[in-house]
Structures are given as structure tokens and as C-alpha cells.
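One letter stands for each residue in the lines below.
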Amino acid sequence: MNFLREKLDKLKPQFTKGGKFEKLQSVFEGFETFMFVPDKVTFKGSHIRDSIDMKRTMTVVILALVPALLFGCYNTGLQHFRSTGIEPAIFQAGWYGFLRILPLIIVSYAVGLGIEFIAAQIRGHEINEGYLVTGLLIPLIMPIDVPLWMLALAVAFSVIIGKEIFGGTGMNIFNPALLARAFLFFSYPGWMSGDLVWTDGLVAGKNIVDGFSGATPLALSAAGEISKLPSFMEMFIGTIPGSIGETSTIAIIIGAAVLIITGVGSWKIMVSVFGGGLATGLLLNALSANPYMDLPFYYHFVMGGFAFGAVFMATDPVSATQTEKGKWIYGFLIGVFSVLLRVLNPAYPEGVMLAILLMNVFAPLIDYYVVQSNIRRRLRRAKVALNTGVK
Amino acid sequence: MSRTVKLKKGYDIRLEGVAEKKLAGTVNPVLYGVKPTDFPGLVPKLEVGPGDTVDAGTPLFHDKLRPEVKFTSPVSGKVISVNRGERRQIMEVVVESEGSRFREFGNSDPLSLPDVRIKEKILQSGLWPAIRQRPYHVIANAGESPKSIFISGFDTAPLAPDYNFIVENSNLAWLQTGIKALSKLTSGSIYVSLNADSSGNSILETLDGVVLTYFSGPHPAGNVGVQIHHVDPVNKGETVWYINLQDVFALGRLFEEGIYRPERVIALTGSEVIAPQYYRMISGGSLKPLAEGKLKQGGLRCISGNVLTGRKTEPEGFLGFYDSQVTVIPEGDYSEFFGWAAPGAAKLSFSRTFLSSLFPRKVFRPDTNLHGGERAFVVTGLYEKVVPMDIYPMHLFKAILAEDIDMMENLGIYEVAEEDFALCEFVCPSKIEIQSIIRKGLDLMRNEMS
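Respectively, the protein sequence lines represent chains A and B.
Here the first sequence is numbered in the numbering used here, starting from 1 and rising by one per residue.
Here the second sequence is numbered in the numbering used here, starting from 1 and rising by one per residue.
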């Protein structure tokens, strides 16, 4: 790789201040550090440093998303072919889905990273890796039929308004990927809800077989048509209509395992989201005022974006609570609100997105109280020392 | 009945180059350096110039803000240079050793002296800077009386010297006399902390006049700050003093023989040392005769102290005032092709994102590469895993960055030192200079409160 290194070293002066392409400095740096971990050594403080960096951390999350992405490809094809009355082979469905999803991913990365590059250049920072994850998360929580321009708009909104104006990666209040979805959800509700957008080709409506509705389990539940729900196993495996990456609970569990084993994702948040959902589900079962409330509590875990939200969205360290105790509370409340919104609010069939965004707002407050308790503990200790006469 | 404190949080960094328990001899360098930069917050005022003849115990400089705190020559000889750095900051006063003349401070039983006389004697000898204090992790204020004094009887830092081995090769009577002297400086107890593993077989358990506490757990269990936090925490307005074990020997010798002779048993460690062993040496001695011919080839980083908190030193530099260890590791000034994506069977990491995490007993040979670029705080809950104290590290760092004095106080700044967060700096994937942040906070706080 010395050849590449030499090439880069030769090009570098043109991309530094005073060079021909000084405006592209951060882009150059971004690519350089992508290919080569820089030769920077420790200058002060600890002389040795952990081999992990932001790139590694983000790579692990992307790796964890791969099962959901692959299944998303397969399911996109599967739903499409089913709507036209064909039962496709696995590879056929996967390839079709891949070709349909690829443009979404390309647009998401192109727009998002483009803005990140500009922001990094303006600030004189290095490019942050955060968007590598966000850029993949956004397509995975979109309906397959979302128009590309709409996706581009949502990405631009979430990166600029959601992140950069707060100071960039690490400073944002809301989960940027969910913000993109929320933006579309409220701006273009027709494209983000209903029965048609979840299956490729259904909006265009050509060659659709009779009786294929494309309705998601959540929509069916909200309409009270519990009897039409797919089986639990089907929803667990994920061969149901829904956002691209959210349908397969199995694929998400594999991703969760990657995050938990590597320690990159907080298992406390994941567990407590499910805990909150479980508690609320059981409570609603006990109240049992309508058919949706009667839905067995564990159905909530496999329907819609509950699992995906718990594993990949709630665990975003920047917008979640920062204290370990706070994570239990934060996750639990996300679970509670997700199920409550689903069952009790007819306006929104899916509650996970709103529940997480809501708790993003409250995360600093939760942390505040956790930290206050630490402060009180310290003050109490001082008083005890004073009273017992210890100097 | 002595207490055992069990700590769970922390991390033992397993490195190549542990010193073999063998005292390989005494190193007698020609040059000795006393470095004002070893003492945070010090404004040095020179008392000698190049060409002056000094004895062991002759003041070289003192603290301008506290003139009673003197820094003396560790050996007799001639001052040959005062090296300055940026903005004429004094980096080191270099003494060329010659003869063995000692300034006489008089021998006396510390128990027969009033505490004022004891303090005076320690101050004049130049041994006072060995006594440090929380809050602020600076040289103790001689005008105060601490609520207790701590001595850590073990070191858990990477490649740290084995204190039991050091004690076995030192004069135990001096240690006991040193503790007597310290006992006159506090109305409270003298706490000696021991590793729970050495329970029942440490000579330190035979000491009189101390309260023993046992600690189990990974680094930083051996840090005195962690021990203070769990045994006798520093509240606002309180002071705790502490002193390195080897300096207590020098303290005892000061009272028994009336001389200042900061002799140490030090460990020469690290993957780039051919045969890591122990040596006897005077504090401040040049590292050149210590390391010469004992190191491997290649770009090397020589550190006075351990890899987490030590100072980068030139091979002809000097042993730091507080150090009992010299570490030599490879420099890491190379760029690695897709290094962040490699499986990493030989990469050292606290995280479980590299293949190496499958081999928990593996010993590593890390270099000084930063392994990434500096970023904003992103990951949470990581620092907490390596700080065995009831303190929220991330919130403390942010309070310091915001210069929020009240918040720093509330979050426990009085209890901590930069060394207690060295592991945070090590594990940080955002490569943030956390020890510098803590030092900044401590200095800020000290200025604010004085």
C-alpha cells in the first residue's frame, strides 16, 4: 500500500491551506483517514491509546444493521412479487429488493455526506463518522415507495436542522434518522402512512392481484381487524409489509447481539424498552376495553418498528440519556409510550418514532435528576462528617 | 479488623515487559535534574545559578507563592545548567554529581519533636514536595493539618513495580520512622492500602501506627485517590495528604541520619527493554546510564512513569520526582492502511470490537499511535466503566469545559486527580485529552478558591 500512501502524500499539499483545492481539505482528509489511520502519536496524557476510534465504533453499528438490510432486500422483493401474484425464489426477491433499495441508500449518503463535508470544511473540523450510520438508518425506516426527492429533502432537513445547527455530531438533541422520518411523516403523510406505500409497485397499481391490500399489521390492528393479522411467526420472521428494515425481528435480534457483544450499543436501553413495552402491554391486556387492547402483549414486539427502534434508534448515545441509571428510565418510558401511542391514539398507527423523539427531549431532564442524586449524596456525606466531628 | 474494599470497575492493561523481580544493581548517573514541571501549579524561583557548588539538600529553587517549599539537590556537586523551554519557563536545573557531601539536618526521634519542627525539617530538606494533598493534587499546604494521611502500598498501573519487592529491598526501619513523623502531622489516621492478594504476606502488614485497608480489583485500585474516596473521602473544606511509599523511606532516613537522600528502587519496564529489571537509583538521575545498551532498536518512546500518566522523556532526560518506574515502548508514527477495519487480533482495546477481545490473557505491545482523530463526545457509559468512584466522569469533564465552578464542586472535583481518569483517556474513542481537562479544572478551582 506504499504506492497509495506516496500518491496521497504527493497530493496532500494541494489540499492544504494555500493549495489549489484548499476548499476540499476536509473531504481529502476524510478520504485519507478512511484509507489510512493517521500517523499521529500521543503528545500528552496517556502514551498509549485504545485501538478503537469513531470509525470502528460506527462500523460495528453498520455491521449490526446488515442482517436487517439483507432481509429488507428480500422482503421488498417478496412483497412486490406477492402483490403481483407470484411466489419468488429467495435470490430473485433479494436481487429485486436490492435494486430498489440501492438508490435510496445512494441518495441518503450522497446528500447527507455532502452536507457533512461542507459543514466540516466551514468549521475546520475533521469529518465526523456519525452520518455513516444515520445514512443507512434513514433508508431502513422508509417505506420502499418513497420518492427519492422526498428522501433527499428529509435527509437535508435532519442533517442541517437536526444536527449541524446544534454543532454537529455529538451535539444534537434528536435522533437524526428519526427526525428525517418524522419530517416526512408530518410533511407528506400520504407517503408515510396508509396501505400502499409499503409494497413496491402498489402505488402505481399495475398488475396487482385481487385481495392484496398491503396493509401493515399496525394498520390492521388500529382498524380493529385483529383477525386479519399475519401469524406471530410470520411477523417474527418479517415477511410482512412495513418499512424496509424494520419487519424482521430475527434480523434485528442478530444486530442486537452484535451491538451487545461488542458493547457498542447499550443493552440497558434495549432491555428497558422491551420492559416498558411488556409492562404496558400487560396492563392494556388487563384493561381489555377493545380488541386492540386484547392483542397479546408480545405481539407489540414483532409489529412495526418496535424492535428496530429499541435496538438501533433508542440506543443512539448522543440523543439518549448519558447516565447509566438514566438509561433504564429512558428506555422504559420509550417502551411505555410506544405501546400507549399505538393502542390509544387512533391518529398514529405507529408510536415508536414519536416515543423515542419525545424521550430524546426528556433525556437531559432524566440525567439532571440522576446527577442531582449524586450531588445530594456528596453533600449528605459532608454533613455527616461535620456532625460526627471529624475534622 | 481491617477492611477490604472490593472494586469492580477499572481495567488492567496487560503489556509486554514486566520487570523481573531482580535487583540488577545501582545506577550512579553523573547528571541529575530537578524539574519544576513535575509539580503542577508551581512557580519556581531559582536560588542557584550555573557554576554554584551544592550539597545534597541545598535548595535549587523554591515556590514563589510559597517560599517555604524548597526543592533541593538530590546529590552534591555543581550546578551546570538551567534549561529553559518556551517563554523562558524553567524546565530543569541540572547538577553534575561530585563527591558525597550532605547538608546536615540533624537526626532526631520524630516523636520527641513538636509538629512545627517536623514540618520545618521536612520543608528545609526538600522532601516536603513528596507530600501532596487532595483537593487539587498539588504539594501539600504546610499551614494546614490534614484529616488523614494516605500511603498506597501497591501500584496497579500498567507494568507497575511490585511494592512488596521494593520494600523487601529497602530499610524497613526508615519506613517505620517515616510513619512516626507523618503521624505527628495529622490528628487523624495514617492509612496504608494494600492489595487484597498480598493479604497475609506483605511486610507492610507489620507496620505500627497505621490503619490497613485492603483493595481488590483492577487498575486504578492502586491509585491513592480511589483509596481516599472509599476510606475517608474529601468533602468541601477538608484536606487529605498522601505520599508515595518510597518517599516515606527517605523521610525516615531524614530523621534517622539527618540527610536528604531520595533513593529509590525503580523498575525499568516496557516491551522495548531487553531485560526488564529493578535498579537502585537516586531521584532525578539521568536515564542515560540506566537505559544505555538495555533497549531494543527502533523509534522508541521513553517515559518516566507508567504509560498512562508518565511523562515523555528524552533518553538523556531525568527520572521524575514522583516516579518509581521507567517505561520504554515503540513510537507509533506510521499510518496504517484501513487500520480501523482490521480484525485486530493483536490490537489492544478495552472495547470488544477487535478479535483480541477473545483472548483475555493476551499480553500486548502497543505503540504511541493515537489510533484515530479527535472527535466530540459521542459514546456514553464508557468512562464510568473504568472509574471506580461514585463520580460521573462525563458530567465532570463537561462542567470543567464549561468552567462551571459550582458544578465542578458538586460533582466531586475535590476528590480527583488527572491520574484517576487516565483510563478514561485511554479508552476514549473520541481521543479527547481528558487528563489535561482534569488538570485545567483543578488549576481553575485552586485559583478560584485561593
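Where hints are given, some of them may not hold.
What the hints assert, rightly or not - Lysine-lysine pairs mimicking BS3-like chemistry, simulated, CA-CA at most 25 Å apart:
no.	chain 1	residue 1	chain 2	residue 2
1	B	Lys64	A	Lys383
2	B	Lys440	B	Lys398
3	B	Lys6	A	Lys325
4	A	Lys44	B	Lys347
5	B	Lys398	B	Lys236
6	A	Lys268	B	Lys8
7	B	Lys312	A	Lys40
8	B	Lys6	A	Lys40
Because the hints were derived from the structure by calculation, they are not lab data.
Going down the list of hints, with the structure as the test:
1. B:Lys64 to A:Lys383: Since the Cα atoms of Lys64 of chain B and Lys383 of chain A sit roughly 36 Å apart, the hinted pair is violated (cutoff 25 Å).
2. B:Lys440 to B:Lys398: holds (12 Å)
3. B:Lys6 to A:Lys325: holds (21 Å)
4. A:Lys44 to B:Lys347: Satisfied, since the Cα-Cα distance of roughly 21 Å is no more than 25 Å.
5. B:Lys398 to B:Lys236: holds (20 Å)
6. A:Lys268 to B:Lys8: holds (18 Å)
7. B:Lys312 to A:Lys40: Between Lys312 of chain B and Lys40 of chain A the Cα gap is close to 15 Å, so the pair holds against 25 Å.
8. B:Lys6 to A:Lys40: violated (38 Å)
Going through the hint list in order, the structure does not satisfy hints 1, 8.
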